[in-house]
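Trainee: So the chains spell out like this:
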Amino acid sequence: GAVVSQHPSWVICKSGTSVKIECRSLDFQATTMFWYRQFPKQSLMLMATSNEGSKATYEQGVEKDKFLINHASLTLSTLTVTSAHPEDSSFYICSAISWVAGGNSYNEQFFGPGTRLTVL
Amino acid sequence: KQEVTQIPAALSVPEGENLVLNCSFTDSAIYNLQWFRQDPGKGLTSLLLIQSSQREQTSGRLNASLDKSSGRSTLYIAASQPGDSATYLCGKGNAGNMLTFGGGTRLMVKP
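Residue numbers (this note's numbering), protein chains in the order written: chain A, 1 to 120; chain B, 1001 to 1111.
In isolation and in its complexed conformation, chain A is listed as follows:
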C-alpha cells in the first residue's frame, strides 16, 4: 500500500519556540493531505486540509496563524507550530490521499506514523 512518513517522530521543545513537522508521501503523489491532532485516549480531530499549491483550509477553532501549513509539492506538506505552548503538546498525524486514475473520486486515506510533540 501507499506509504506516508512523518519527521520527526517525536520532539521536545521549550515554550515559545516553533516546531516544524514534515509529512511525505513516499511512493505516490498526493494532491491533498490532512493534518490531525490526537490527545491521549481520544480520537483524531481534523485540523486542516492541505492542497498542493494553494492555501490550507482550517477547521473551526484551529488558529491558522499558529498552525502554519505549507504544501509545496505533491509529496510534501509541512505543519509548523508557532510559539508553541504546553497546551499544544499532542500527537500530530498527517494523512494523504492516493488518487487512483479513473477510479472512484473518494479514495483511501493513508496515514503517517505520527509526531509526538511535547512542549515544556
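Rather than coming from a laboratory, the hints here were simulated on the basis of the structure. Among the hints, a few may not be true.
Here are the simulated DSSO-like cross-link-like pairs (lysine-lysine), alpha carbons at most 27 Å apart as the crow flies [what the hints assert, rightly or not]: (1) A/41 / A/14; (2) B/1042 / A/64; (3) B/1042 / A/20; (4) B/1042 / A/14; (5) A/14 / A/64; (6) B/1042 / A/66.
For chain A, the structure is supplied; the task is to place chain B on it using the hints.
Mentor: Quick look at chain B alone, frame taken from chain A:
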C-alpha cells in the same frame, strides 16, 4: 454536527473468539467508510475501505459492512488473536474526502 459513535469503547476477549465492532453515524451523506487500526503511540493503519456504493469488504479475517440506511458499519474479526489487540477506529468519509472519526474501540485479546 456530524457524529460518529463506536460501541463498545473497550473490549477484552479470550483468544479465538469472533468479534463485532460497531460504528454508527448520524449524517446519511456518506461517501465511504474506512476502518483503521492504531497501536499505542503509532499512526493509523488502514484495514478496509467501503465505498458508498458497496455493502461490504473483506480482507483475511476481517469483514466490514456498511448499511447507509441505518447509519451503521460493523467490523467483524474472525478467530481473534493476541496480535489483534489495538484500538480500532472507523472514519466516515465526507465531502472533500475528509474523515470524521469515532472514538475508537480498544480491543484486548488475551492468550
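Trainee: Next step is simple, just say for each hint if it's right about the structure.
Mentor: We went through each hint and held it up to the structure:
| no. | hint | result |
| --- | --- | --- |
| 1 | A/41 / A/14 | holds, 24 Å |
| 2 | B/1042 / A/64 | holds, 26 Å |
| 3 | B/1042 / A/20 | holds, 19 Å |
| 4 | B/1042 / A/14 | holds, 24 Å |
| 5 | A/14 / A/64 | holds, 21 Å |
| 6 | B/1042 / A/66 | holds, 25 Å |
Checked against the numbered hints above, the structure breaks none of them.
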